[in-house]
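Start counting the sequence shown at 14; every next residue gets the next number (the numbering used here).
No wet-lab data here; the hints were simulated from the structure.
Ideal Cβ placement from N, Cα and C applies to all residues, glycine included.
Among the hints, a few may not be true.
Just the calculated beta-carbon pair ranges, DEER-fashion [claimed, not checked]:
(1) D65 <-> G33: 29 to 35 Å
(2) A38 <-> R95: 14 to 20 Å
(3) K92 <-> A25: 19 to 25 Å
(4) R101 <-> G45: 17 to 23 Å
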Amino acid sequence: MRGPIDDENLIAQLGFLQPGGPSRAEVEDRLGPPAHVYESGRVVTYALEERDGRLTALGSSGRIGSTYTLVIEYAGDGKLARRALVRRM
Numbered sequence: 014m015r016g017p018i019d020d021e022n023l024i025a026q027l028g029f030l031q032p033g034g035p036s037r038a039e040v041e042d043r044l045g046p047p048a049h050v051y052e053s054g055r056v057v058t059y060a061l062e063e064r065d066g067r068l069t070a071l072g073s074s075g076r077i078g079s080t081y082t083l084v085i086e087y088a089g090d091g092k093l094a095r096r097a098l099v100r101r102m
C-alpha cells in the first residue's frame, strides 16, 4: 500500500465519515459489511474501487483487484474515531 490519498474528489465522497460522526451500523448501512475486521471489531477495512470517478465499496469479498483500502477505527462508544484511505499497489 501507499500513503494516504490527497485527491479532493475522492476525499469528498467520504465526507459522511467524520470523527465522532456515524456509528458502525450507519457506516455499514452505506458501505455494507467490511472486508476485514481487526482488534475485536474496533478496526475495519473496506476494499474500494474507483469507477467513473466514484468510489464503490466491493463488499465483504475484499477483491484483490481493488484500487483503495478504507481503514476505519471506531471509538469505545461505537462511533467513528478515525478513517484513512490508502491506494493499493
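Against the structure, the hints:
Distance hint for D65 and G33: a CB-CB separation of about 31 Å, consistent with the stated range 29 to 35 Å. Here the CB-CB span from A38 to R95 is close to 18 Å, well matched to the stated 14 to 20 Å. For the pair K92 and A25, the supplied restraint of 19 to 25 Å holds, since their beta-carbon distance comes to about 21 Å. The hint said 17 to 23 Å for the Cβ distance between R101 and G45, and at roughly 19 Å that hint holds.
Of the numbered hints given earlier, the model fails none.
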